[in-house]
Every structure is written in structure tokens, then in C-alpha cells.
Amino acid sequence: MTDTNPFANTLHEPGAAKEDPIIIADHVLRRFGGLTAVDVDHFEVQRHAITALIGPNGAGKSTFFNLLTGFDKPQRGEWLFNGTSMKGISPAKVARAGKVRTFQLTKALNRMTVIENMRLGAAGQRGENLFAAFLPSLWRQREAEITEKAHELLHRFTLYEKKDDFAGSLSGGQRKLLEMARALMSEPEMVMLDEPMAGVNPALTESLLDHIVKLKNEGVSVLFVEHDMHMVRRISDWVVVMAEGRIIAEGPPDTVMKNAEVQEAYLGVHHDTDLSEESSS
Amino acid sequence: MGDLFIDVVREAFTPTTAAFALAAVGLNFHFGLTGLLNMGQAGFMLLGMYGFAITIREGGPIWLGVIVALVLAMVFGLLLGWPTLKLRGDYLAIVTIAAAEMVRYLGRSQNFNALTGASTGIRGNEFKEPFEQLSPFPDRMVDVGPFALHGARSTSWWLVVVAWALVAILVVIFWRLSRSPWGRVLKGIREDEDAVRSLGKNVYSYKMQALVIGGAVGALAGVVWSLGASVQPDSMGRPTTFWVWTLLLLGGAATIFGPVLGSIIFWCSLVLVKGLAAMWIPDSVLSQQQLEPFSLVLVGVTLMCLVIFRPQGVLGDKRELAFND
Numbered sequence: 001m002t003d004t005n006p007f008a009n010t011l012h013e014p015g016a017a018k019e020d021p022i023i024i025a026d027h028v029l030r031r032f033g034g035l036t037a038v039d040v041d042h043f044e045v046q047r048h049a050i051t052a053l054i055g056p057n058g059a060g061k062s063t064f065f066n067l068l069t070g071f072d073k074p075q076r077g078e079w080l081f082n083g084t085s086m087k088g089i090s091p092a093k094v095a096r097a098g099k100v101r102t103f104q105l106t107k108a109l110n111r112m113t114v115i116e117n118m119r120l121g122a123a124g125q126r127g128e129n130l131f132a133a134f135l136p137s138l139w140r141q142r143e144a145e146i147t148e149k150a151h152e153l154l155h156r157f158t159l160y161e162k163k164d165d166f167a168g169s170l171s172g173g174q175r176k177l178l179e180m181a182r183a184l185m186s187e188p189e190m191v192m193l194d195e196p197m198a199g200v201n202p203a204l205t206e207s208l209l210d211h212i213v214k215l216k217n218e219g220v221s222v223l224f225v226e227h228d229m230h231m232v233r234r235i236s237d238w239v240v241v242m243a244e245g246r247i248i249a250e251g252p253p254d255t256v257m258k259n260a261e262v263q264e265a266y267l268g269v270h271h272d273t274d275l276s277e278e279s280s281s
Numbered sequence: 282m283g284d285l286f287i288d289v290v291r292e293a294f295t296p297t298t299a300a301f302a303l304a305a306v307g308l309n310f311h312f313g314l315t316g317l318l319n320m321g322q323a324g325f326m327l328l329g330m331y332g333f334a335i336t337i338r339e340g341g342p343i344w345l346g347v348i349v350a351l352v353l354a355m356v357f358g359l360l361l362g363w364p365t366l367k368l369r370g371d372y373l374a375i376v377t378i379a380a381a382e383m384v385r386y387l388g389r390s391q392n393f394n395a396l397t398g399a400s401t402g403i404r405g406n407e408f409k410e411p412f413e414q415l416s417p418f419p420d421r422m423v424d425v426g427p428f429a430l431h432g433a434r435s436t437s438w439w440l441v442v443v444a445w446a447l448v449a450i451l452v453v454i455f456w457r458l459s460r461s462p463w464g465r466v467l468k469g470i471r472e473d474e475d476a477v478r479s480l481g482k483n484v485y486s487y488k489m490q491a492l493v494i495g496g497a498v499g500a501l502a503g504v505v506w507s508l509g510a511s512v513q514p515d516s517m518g519r520p521t522t523f524w525v526w527t528l529l530l531l532g533g534a535a536t537i538f539g540p541v542l543g544s545i546i547f548w549c550s551l552v553l554v555k556g557l558a559a560m561w562i563p564d565s566v567l568s569q570q571q572l573e574p575f576s577l578v579l580v581g582v583t584l585m586c587l588v589i590f591r592p593q594g595v596l597g598d599k600r601e602l603a604f605n606d
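Chains as they are written, first to last, in our numbering: chain A, 1 to 281; chain B, 282 to 606.
If you are wondering where the hints come from, they were derived from the structure by calculation, not from laboratory data. Quick caveat, the model's predicted, so the values are computed rather than measured. Think of the CB as a built atom: it goes at the ideal place given N, C-alpha and C, for glycine as much as any other residue. Among the hints, a few may not be true.
So the derived label-pair ranges between C-beta atoms look like this [stated by the list, open to error]:
| id | chain 1 | residue 1 | chain 2 | residue 2 | range |
| --- | --- | --- | --- | --- | --- |
| 1 | B | A374 | A | R31 | 54 to 60 Å |
| 2 | A | K93 | B | V290 | 51 to 57 Å |
| 3 | A | H151 | B | L285 | 53 to 59 Å |
35 Å max Cα-Cα, derived DSBU-like pairs, lysine-lysine [unchecked claim]:
| id | chain 1 | residue 1 | chain 2 | residue 2 |
| --- | --- | --- | --- | --- |
| 4 | B | K555 | B | K468 |
| 5 | B | K599 | A | K87 |
| 6 | A | K73 | B | K367 |
| 7 | A | K214 | B | K468 |
| 8 | A | K162 | B | K555 |
Listed next, the stretches of chain A that the computed footprint assigns to chain B, with coverage defined by at least 3 CB atoms under 8 Å from CB atoms of chain B [claimed, not checked]:
| id | stretch |
| --- | --- |
| 9 | 90-98 |
| 10 | 103-112 |
| 11 | 130-138 |
Required output: the full structure, derived from the provided sequences and hints.
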């Protein structure tokens, strides 16, 4: 936690205004046929903080995530990233604007080596242009810089020993690490993690959590979707709860779970159960 | 037996083998690097043939013929890619196989008789002359070791040299591009498009580039083929596309020399099987006309075994098989 809590003056209510928002979304509506998957009136994400987006299955978290990153298009709505409208912007351009995402089902590029996965994440490589590709003198130096940065990140994510292995030969948890490290190659302002803990064994969970906290300390804003309440409580500064496509509550991790509406939405029939028991198991 | 051996070795360097190697290099840009399922490589080849042969028949110079061939294939690629590359991979497969057949049917239609020669096609002596006149070799049969080919005409030493020089140039180009950051983006797309999108690359544009380049290489293959034979629309039907696929997978997709090696193995083993069958199987069991289909069947079975027991191809990397999902 930083000295001054950026959430000190933030109201504990859905759609609360933030002190210094990096994302502002308004009236975002996404329907699949007759089903309304996302219907968010107002949503803000605080800069330089870790925000968790939680909610029961089918709450529309992942759809909302896809909308914010350009992977899906809403029926209506408007959203800004750093004050720039991102409506109708392609996923590639969203990434180039500094907002990079990972996926719930890890997308490691299996038949490429770990180091090639990393290099692909970098921005500003002229050799990715067809004509420049013929002339290595145009891109060799940038390639060396990229490789150095990749080595640094691989060391940090304890994947350096694996750098020449195919990404497909890594374990599930290592692939998650690789995906996160790869997302950092372009030095994004914001990372969006879709269930970073899904399928990761407990031994790796701790190191993944540390990495996310470290990101924040380096000034990266983080928004993540997660089911694991233990993790949400451990690292997030702010929690946004979705249910049935809407944001139903917001607040710091400790208080938001005490909200009656959240308990009802999240725990359904078991809302009598003691929450602390639920999460400490 | 010795004659058969010479026939097999001769097959290794014929212009047809080179043409198939070229077509497979093109397909390697599509499938090997990018994962695009182009099931219409024969269509690109046929367009290349028509572009080249018609330009020269109408009095154009050779360089113009080659350019027309390349441009036709590139425009064809753009047209096919524009609606399909935003969709899932299977759609490209369906559209390319249909489009290639459309090119063939339009080419052999009587309505275009004046342009394409309909189903008869364009005979060699209508367009080969300018190329053959460029031959530095004597205008007669020339023996090199046990191999006798004409110096200039049709399947000539001159065409052999030009065809394999083209193969060499395109293998070098493929090598350069596949080991560049550009090639890395294509390989990323082959593995997972969405991941590459999330890293800020314009996937559609890269897929289009791969489709157009591979198609242009296919057109060159068509030009080489037509110089060794003639322009005949029905020789560029679906089987041709499938052979190109077969020999690419045989050699090893995404490898540098896979297409070349695959083409040589494929055509040589066909000649070998045919020769052995002619030698060992009596006429009463299999007649002369039945030998050709029989050897194709046998080669097909051999290839199936190869793909089952060595799916990465002759030159592929064994490690890739560990995590096929």
C-alpha cells in the first residue's frame, strides 16, 4: 500500500468516481440475442492500483473484459482509456495504446520457444515490416535490445532456464507466467489479467501474486478478473462486484464482501454461511 | 535396373519437380508459417500460367509475362483473403478450393476460347519461343553423364537451370523472411491469432501478406510448369493442390528445405514404384495402363505411413510432437 490511499475519498457504491481514473466507461451494453450479458452504467478504474473484478459465473466479467480490450463489440456504450475513446478500436490498437491483456485460457504460442514468445511481445520492432525484414541491418540492433529486455523479464519470472524450450512444453502455471511476462514486453501502462490464477498450482500462486503487486509498485495499473477470493483479498486495493451483467457493489476488499447484495449474488443459497470460513478454506 | 536408377535420378531434377517445389514453398508461406489453409494452390499456379502464356502469345516480353503472372496471383490472393481472413481458418479452405476450381472452369469454358484456348489450353509453341531463344545451350540434344535432354526446347537443360535457380532464390527468400521478426509474427498467428492481437499486431494485414506472397510463388511455379509442358487447365485441378500439400507435409512444414526435399522424394518414389512394378508384376496381373494408378496408390499408402509415424515430416522437429493439442 502506498502512503496516501487513493481510495480514501472514493464512495463505496457502484460506479463510484475515482481520484485519477485510467479507464472510464459509460452505458456499455452487450446483448447476445435475448440475453443481456453486460449492462454497465458507469465504471471507473483507478490508476496505479490493483482493481479486482469479481462476481459469480455468468456475471459478464469476461465479456466486459473483452469489450474493454476490443475483442468484442457492444451494442452501445462509450469508454475512455487515458482520456482517449477506445470505442470500435481493434484489439491490436488497444494493445498499442498501452493496455495489454492476458487470457483465461492461457495463450502461450506452443510451437515457438519461450524467448521467441517474449520477443513477439515487444513493440517498435521495424523488422516486423515485410520489406524491412529483408535487411537485418535495419532491425538487428532493436532485436538485441528486445532480447536483453526479455532475458531480464525471464529472470524475474524464473523462466530464464527455459528460454530455448518450446512454450508448449511448459507447465500450466509456467505458461501463465510466460503470458504475463510477454504482456510486459511492450511496457504497458495497464495490464488486464483474465483469471490469472486459473489452473495454477498453489506453489506458483504465491509468486504470481508477488509479480502482480510488483507491477503496481512499478506504476502499472492492474485490472483482473478472479474467482479465488483469497487472492482478491490479498492483493487488490479495490474490488468491483458484477452480477447479471451489472455492477452491484464497489469497495475495499474487506468491506465489499460484507455487503448484503454481494453475499446474495455471490453465494446464492449459501448466503447464511460464514464468509470467513468460505475464504479461509 | 540401371536404367530405372537413371530414370529416378533424372526425376529428381526435372522442371516438374522444381515447379512442385516452388508451389510448396508458396504453400509453406501459407500453411507452414501462418497456418493458413489454402486448398487452392493449383488455382494460383493456373493463373500464373495463363498470365505468362497469354502475355507472350500476344507479343509481350518475358519479363512482362512474369509480372502479369505475379500480379494476377496477387490480386487473386487479395480477393480471396479480403472476405475470409477475418473469419475462422476453415472458411479460407472452402473459399480457396472453390475459387481455384472456378479459375479452372472459366479457363476451359468455350466462351473464353480466344483467350485461354478453352479445354485444349495453350500449346507450348504459342508462347515458349522467346524463352527458348534465350538458352545459352546448343539447340540440340545434349548428354550430361547418363542424362540426355535438349539444350533449349521444352524440358531442356536451360529450363532445368532456370527452374532450380528460381527454387534456390525462393528458398533463400523464405529462409530470410521466416527468420525475421516478420516471420515471427506469422508463426505467432499460426499458434494463436488472438494472442498476437493482444500483443498489438495487425493480424489481418499479416495474414493477407502471407497469402499474397505464397500465391505469387505459386504463380511462378505455374510459369515453370508451363514452360516444361503447356498450359492445360485440367492439369491444375484439385489433385495438383493435394500433391503440393502432400509433398510439403512429407518434407516438413515450416522447414526451409522441406518443400524441396518433399518434392524430390515424392516424384522420385513415384517413378521408382512405377518402374519396379513394371519389372516385377506380370502383364496378366496389371496391364501397362493400370501401372500408373497402382503406383499412385502405393505411394499414397507409403505417404500415409510416413505421416502416421513421422507426422512432422522428414525435416520437422520431433520436439513439436510432445504437446500436440
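Determine which of the earlier numbered hints do not hold for this structure and return their numbers in increasing order. 1, 4, 5 and 8
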